[in-house]
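Q: Protein chains in written order, with our numbering: chain A, 1 to 278; chain B, 1 to 347; chain C, 1 to 300.
Think of the hints as simulated: they come from the structure by calculation, not from any bench.
Okay, the calculated beta carbon distance ranges per label pair:
(1) Asn-163(B) / Leu-12(C): 34 to 42 Å
(2) Asn-163(B) / Leu-288(C): 34 to 42 Å
(3) Ala-133(B) / Ser-58(A): 49 to 57 Å
(4) Tyr-108(A) / Gln-94(B): 32 to 40 Å
(5) Leu-31(A) / Ala-156(C): 26 to 34 Å
Think about it this way: if two alpha-carbon atoms lie no more than 27 Å apart in a straight line, the pair counts; the simulated DSSO-like pairs of lysine-lysine are:
(6) Lys-98(A) / Lys-73(B)
(7) Lys-190(C) / Lys-216(C)
(8) Lys-216(C) / Lys-165(A)
A virtual CB, placed ideally from N, CA and C, is assigned to each residue, including glycine.
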Amino acid sequence: MSQAPERTNLGHYALVVVLALLATGPVYIMLMTSFKNQVDMFSRVPLWIFAPTLDNYSVVLFDKKFDRYLFNSLFVAIISTLITLALAGSAAYAIARKDFWGRGLVSYGNLMIRMVPPAVIAVPVFALWSRWGFSGRFEELWGLTLFYTALNLPFAIWLLFSFVKQIPEDLEEAAIVDGATPFQVFRLVIFPLMKSGYAVAAIFTFRIAWNEFLLALFLTGRKARTLPVAIQGFLTDEGVEWGRIMAMGTLIVIPSLVITFFAARQIITGLTTGAVKG
Amino acid sequence: MGSVTFKQLRKSYGTVEVLHGIDFKIEEGEFCILVGASGCGKSTLLRMLAGLESVTSGEILINDKVVNDVRPKQRDIAMVFQSYALYPHMTVAQNMGFSLRLAGVPKPEIARRVGEAAGIIGLTEFLDRQPKALSGGQRQRVAMGRAIVRDPQVFLFDEPLSNLDAKLRVQMRAEIRTLQQRLGTTTAYVTHDQVEAMTMADRIVVMDAGIVQQQGAPLDLYDKPANRFVAGFIGSPSMNFLDAEVVEGGLRLASGHMIARPVQDVGRKVTFGIRPEHVEVGEGGAEATVDVVEPLGHETLVQLTYGDAPLTLLSRDRLSLKPGDVVPVRMDNPVHHLFDPDSGELI
Amino acid sequence: MKSLRAALSEGLIAYAFLAPALLILVIGLVYPLFTTVQMSFLDYQMGTPWESREWVGIRWFEKLWSDPNVWKSFWVTLRYGFWVVLIEMIVGTGLALALERAIRGASFFRTALIMPLMVSPIVVGLIWRYLFDARTGMINHYLGAWFGIDPVPWLADPHIALTSLIITDVWQWTPFIFIIVLAGLQAIPKEVIEASTIDGANWWQMTFLVKLPMIKSVLIVALLMRIVDVYKVVEVVFILTEGGPGLETELLALHVYKTAFLSQNLGYASAISMLLLAIVTVLSLFVLSFSNPMKTKSDF
Chain A
1 MSQAPERTNL GHYALVVVLA LLATGPVYIM LMTSFKNQVD MFSRVPLWIF
51 APTLDNYSVV LFDKKFDRYL FNSLFVAIIS TLITLALAGS AAYAIARKDF
101 WGRGLVSYGN LMIRMVPPAV IAVPVFALWS RWGFSGRFEE LWGLTLFYTA
151 LNLPFAIWLL FSFVKQIPED LEEAAIVDGA TPFQVFRLVI FPLMKSGYAV
201 AAIFTFRIAW NEFLLALFLT GRKARTLPVA IQGFLTDEGV EWGRIMAMGT
251 LIVIPSLVIT FFAARQIITG LTTGAVKG
Chain B
1 MGSVTFKQLR KSYGTVEVLH GIDFKIEEGE FCILVGASGC GKSTLLRMLA
51 GLESVTSGEI LINDKVVNDV RPKQRDIAMV FQSYALYPHM TVAQNMGFSL
101 RLAGVPKPEI ARRVGEAAGI IGLTEFLDRQ PKALSGGQRQ RVAMGRAIVR
151 DPQVFLFDEP LSNLDAKLRV QMRAEIRTLQ QRLGTTTAYV THDQVEAMTM
201 ADRIVVMDAG IVQQQGAPLD LYDKPANRFV AGFIGSPSMN FLDAEVVEGG
251 LRLASGHMIA RPVQDVGRKV TFGIRPEHVE VGEGGAEATV DVVEPLGHET
301 LVQLTYGDAP LTLLSRDRLS LKPGDVVPVR MDNPVHHLFD PDSGELI
Chain C
1 MKSLRAALSE GLIAYAFLAP ALLILVIGLV YPLFTTVQMS FLDYQMGTPW
51 ESREWVGIRW FEKLWSDPNV WKSFWVTLRY GFWVVLIEMI VGTGLALALE
101 RAIRGASFFR TALIMPLMVS PIVVGLIWRY LFDARTGMIN HYLGAWFGID
151 PVPWLADPHI ALTSLIITDV WQWTPFIFII VLAGLQAIPK EVIEASTIDG
201 ANWWQMTFLV KLPMIKSVLI VALLMRIVDV YKVVEVVFIL TEGGPGLETE
251 LLALHVYKTA FLSQNLGYAS AISMLLLAIV TVLSLFVLSF SNPMKTKSDF
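Could you build the full structure based on these sequences and the hints that come with them?
A: Here's what the structure looks like:
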């Protein structure tokens, strides 16, 4: 913008830097603490320079159960993300472009269902869990995957809906005139043009499933425990093992940080979808 | 090549009827242009022919076969969209070959036919480009190439030139016309631009308010408009219309000026229509006030006020007029038209 | 009008595209919700077989009506939601307006701001519990070292605990408002801003008479999203205070949770769930009554 460049002064940049520090500071402190030994951690004056140690990580990583937690978390996050994407794209396409009885109900229902707090779902699901006979590690993981998929679908459908809306209808009509069946129109024209939408949806779906705590805590037994549930286990009555918590917290956050650094644009798209056009 | 026939074709959206019984035929190999203002139903008609809109009642025939319920892919048509509707994720060659690929044509055959079509439209060296790397005119050609590849019974064009700048539009007009003559494919072409219609068509179908107003060869429509709408729509600048009354020995314009022409029914009100090029500045004419003078070089366009009515004059001479001048204008050229003021029909 | 056959076949195709997603939604969300409604009329304890359930009519709702703990939790929830959403909206919007031009191209800044949003809520809870720690926490240390403030029992003092929760949420979610409002501001056509400059608008006039009215629908969607999401929060409070001290930070979602899994009373927990759902619905409809962005955005 050409107007009033003098207003963009040093004060603004100082504010930007302070805000960036505020936003990243707590995460940085976690990272730093995870490399501290027991003595440095409880030093009376917080230490910013210290001899880093990998002790906390070795405790966390060489616990033989860590592999299992990691596997469980990856299992539910990846599989529920894949299923969500597979189902949401075609549903979003139908809602955006097809004319069918119940379309209004489906689209409004989809919006309303996004409001439901997971805590509300946890209670009935817990009751249904045993009735549906989810027991044993993999049954529980699949059960969790089912509910994560259901929790993620409304948002994914909504997000992809806005991507379908941006594809000109002419392209579909051209494909129809070119002789494509409805499924070919979706597979050969719509789907390839929605790839960026799928990337955004994947980030958010994975984030929810990877981070989810509530359902996982109460629905899974020892063997199907995921990382967010496992980390909470370090908050014991005897004391809080901050070193291990921070090390494991860092490990949990790694995928999110990687995504944040490499896909900031997609994240912003996902956050602003529905609020801002385009 | 195919012919296209519309029989009493109607289209409604809910309770609103937008096409009120369309009847006409496009002969084999003919370049037929549907022209009208936006909202007249011309695009709907084309989309119904393409199979993108359903038929409410009546029939559409391609080669004397009713195609009302035939899917677009089985109608053997190809369509060029206003936006070109090129698939952005495919190369030019993939765009052009898409319909053949869907039809299960073997790859070498697709490559051969795409190459052939690319040669016809001059895109051979662009086959591996993405549409976004092409200029507007090139995209337009790809859209045509996509139609040519299929070698269909009928080409459909939906306002194909409206996204191009003026200069390119004139060039593409000629290209499309040449191409159609070379291939001889029956063509239905929709536009709102009467100049396009006049310059390209074998036959023009003028539509308004969901009905066909008149059809015929371009110059026939120009010379013998069937009603006031067609008279006003075809030709640029538009025909002048003045209120007049039939009196003994001719017509009396609202201003009192007389035009010698024998007409029946003394006392009848009529609308007098005369094209701008048939209005002249000359002694003995009625007096009009000059509003705007537009010197175009090879001709001069003058906007006047005559009585209460606007009047346009087009002269081959370089007239030295200024706004505010009062000049005598003659309207006794034998080429003029009389319309019924109520029905708009030619008298 | 489409012919019946065409409409029918298009409808069938649409259902084919929708069916798999609908199936999962019905099994994983709609049916559980329906079960919540059903269970709120049942006496059903955790760990007992489904067959042992008993129909109790509206007994849970009567109990809920006269249960001081529920109402305590209800007011905590409303207060929490009110302050969190208010602060985040004002701070997020204010910062977006102030920094709109300064951060043009400063992508590192946006990346930094997204970080809190991406961190797992459970980890957010743990980090802040560490920072808030009364004895070893950094917050108290620097408050003491720089401002001479005595250690504050952030999570243990009944008057402060809720504020600590609000601070944590504001840290995590203000960037969300900031990013949405920023995107809205950047979507305003440049010509409009230039026109208002030529018309002689100063910064305040430009902000309150041009920019904010033009992003009204953006602000409403942001508000709506926050209201919906703020009541989903359980993890952070679960880690930070577990609802304490007393019931000072017992958000309804957490209360539902405790009733179900600590008191093991699934029927009563379901009834409280209905109260929580009612709050979210009423607030959302309240916001939507000002303007319905879904209507103007699309025909969704």
